[in-house]
Amino acid sequence: MANLPNCPKCGDEYTYEDGHMFICPMCGNEWTAADAQAAAEAGIIRDANGNELADGDTV
Numbered sequence: 001m002a003n004l005p006n007c008p009k010c011g012d013e014y015t016y017e018d019g020h021m022f023i024c025p026m027c028g029n030e031w032t033a034a035d036a037q038a039a040a041e042a043g044i045i046r047d048a049n050g051n052e053l054a055d056g057d058t059v
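In this note's numbering, the protein residues as written are 1 to 59.
Watch out, some of these pointers could steer you wrong.
Pairwise CB distance ranges (calculated) [what the hints assert, rightly or not]:
| id | residue 1 | residue 2 | range |
| --- | --- | --- | --- |
| 1 | Asn29 | Thr58 | 36 to 42 Å |
| 2 | Ala2 | Ala42 | 22 to 28 Å |
| 3 | Ala54 | Glu17 | 28 to 34 Å |
Hints were generated in silico from the structure; no laboratory data involved. Predicted model, so just to flag it, every value in this text is computed and none were measured. Backbone N, C-alpha and C define an ideal beta-carbon position, used for all residues, glycine too.
Between the sequences and the hints, there should be enough to build the whole structure, so can you do that?
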């Protein structure tokens with residue numbers, strides 16, 4: 001079985017792929033792989049030069 005992402009809306013692990021869309025049967029959320037990538041990068045904090053910051057870094 002493919003390694004599919006959990007639903008970004010409800011967190012359910014039983015998602016499936018339909019064409020280029022991921023679908024959550026629990027809440028009905030539909031998203032693309034690009035949406036999943038953007039959501040994953042939304043939590044990354046970067047400095048003015050684009051470098052990823054980690055806990056304990058000073059600016």
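Verification of the hints:
1. Taken as a hint, the range 36 to 42 Å holds for the pair asparagine 29 and threonine 58, whose Cβ atoms sit roughly 38 Å apart.
2. At about 24 Å, the beta-carbon gap between alanine 2 and alanine 42 stays in the expected band of 22 to 28 Å.
3. Between alanine 54 and glutamate 17 the CB atoms are about 32 Å apart, so this pair conforms to the stated range of 28 to 34 Å.
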